[in-house]
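Number of protein chains: 2
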Amino acid sequence: MDRILSNQNPRVKAWAKLATKKGRQENRTYLLDGWHLVEEAIKVKAKFHAVMATETQMAEHLPDVPHGVPAFEISEEVAKHIAGTNSPQGIFAEISLPEKTFDPKYVHDGAWLLLDNIQDPGNVGTLVRTADAAGFKGVVLGAGTADAYSPKVVRAMQGSQFHLEVLNGDLDEWTDALISNDLPVYGSLLNEEAKSYHDVQPATQFGLIVGNEGNGMSAALADKTTANLYIPIQGRAESLNVAIAGGILMFTLALGN
Amino acid sequence: MDRILSNQNPRVKAWAKLATKKGRQENRTYLLDGWHLVEEAIKVKAKFHAVMATETQMAEHLPDVPHGVPAFEISEEVAKHIAGTNSPQGIFAEISLPEKTFDPKYVHDGAWLLLDNIQDPGNVGTLVRTADAAGFKGVVLGAGTADAYSPKVVRAMQGSQFHLEVLNGDLDEWTDALISNDLPVYGSLLNEEAKSYHDVQPATQFGLIVGNEGNGMSAALADKTTANLYIPIQGRAESLNVAIAGGILMFTLALGN
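Which chain is which? The protein sequence lines are A and B, in order. So the first sequence is numbered by the numbering used here: it starts at 69 and just counts up by one. So the second sequence is numbered by the numbering used here: it starts at 69 and just counts up by one.
Worth double-checking, as some hints may not be accurate.
Just so you know, same-sequence chains aren't split out, so a pair can sit in one copy or run between any two.
As the list claims (entries may be wrong) - SDA-like, lysine to any residue: derived pairs with alpha carbons at most 20 Å apart:
| id | residue 1 | residue 2 |
| --- | --- | --- |
| 1 | LYS113 | GLY303 |
| 2 | LYS205 | GLN302 |
| 3 | LYS111 | GLU306 |
| 4 | LYS168 | ALA245 |
Since the hints were made in silico from the structure, they are not lab data.
Next comes chain A alone, as it looks inside the complex:
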């Protein structure tokens, strides 16, 4: 097995570049940090390009790495450099970005979460993880939304990208397509004149749009929806964090929760 001890090694430089969207687009790969995520990727037979681990992590996990995947032993320093954090667990994988194209015209069932311009990576990742837990079929990342495969989003998704569809898409197109396929699409607004979320019957098939942290969802999109929902606020907070609002709506609207 190759041992890599320097941050100047060309492979290390290439892995570090995967922290940027440009680097991921050029390589069509992204990084998983930590055994929990690497193990999930093995379970779903993701396409591996490499596994990199410190000596102790390699000793522990090499037997579980699929046959034929190039494995590299790395120093603690290299592990920190790749992770961009000070205390990584010390095991990583480079895997392929999903290449799926997905036409919403063919979506006839399931619950779908649509993210309109959600900028904080932690919010995006937490929303994907919560959609998974609520039994959603997929999450569509619209314009302005943080990239699903940035390190912070990947950390917050905790492997949920392997459990449900995570797609980029045009939310106008998705909203039109879902509605013409008889799935209601609910927007969410911070507006007491919108419909209370309690007044919607839980269902198995629908779309739910959540919007930007500061400005909410786009007005043009709100005009297209079946209805726009509001979570009444009892106290004096002006609003809810978007991931919290999304979590409450998903667990209330999706039948079975």
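Based on these hints, arrange chain B on the given structure of chain A.
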């Protein structure tokens, strides 16, 4: 008005120290970053020690600063240094830490959120903000929980510390006191054998405990509760983020949401 242009100025050094718990404990003050929070503090008549702002922010907001509060004009560099971030808005206040002591024996009503060893400042702040929105009377921060007045928690609370009680406390003592005052106390567990959260009647008076990100709430505390609740997971996510779980439980259990 004094103008402060150097990070070496003793006042600037003192403000920067408020980013640490030790600094806040010694001074008995903490910092607010941004006009939104400063304005909330003015509204609730918090005890101000100083307002610091860049030239443009001072020009805009000085008329609203309460009479008698020392005001300091600071450079953009000083603003960045105090904020610990690269793009602060440029207005800050130093205000007193709340000095309240609070004996749970005298708590006879309201909904109370108890945080057991919640380590991530963003989670703590978001939980306080969500408790405010759900109409809770207070949040009690137990052992191991991130300090309520660290910069990241203050940012995530978005001023909710001015709207409900935010207290440090011993959660064993709180749990015993609430139960002996006839308020049920619900724990939360990631355990399908716990009680489904749907099986609890919404109420106006109760305690709700949420626990550590990785390990959940302490077993000793779970033994003391009236009941422990579980949020059933439909998909393949292993768990929910603690702030999301707390948000769903608060909005479901508190009557009126």
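- prompt: What label fits LYS113 with GLY303 when the C-alpha limit is 20 Å: within, between, both, or neither?
  reply: So LYS113 and GLY303 pass the 20 Å test across copies only (19 Å; inside, 47 Å).
query: Is the C-alpha distance from LYS168 to ALA245 at most 20 Å within one copy, between copies, in both cases, or in neither?
result: within (18 Å within a copy, 56 Å between copies)
message: If the cut is 20 Å between Cα atoms, do LYS205 and GLN302 qualify within a copy, between copies, both or neither?
response: Close across copies (11 Å), not inside one copy (31 Å); limit 20 Å.
message: I want to check one pair: LYS111 and GLU306. Are their C-alpha atoms no more than 20 Å apart within a copy, between two copies, both, or neither?
response: between (43 Å within a copy, 14 Å between copies)
Checked against the numbered hints above, the structure violates none of them.
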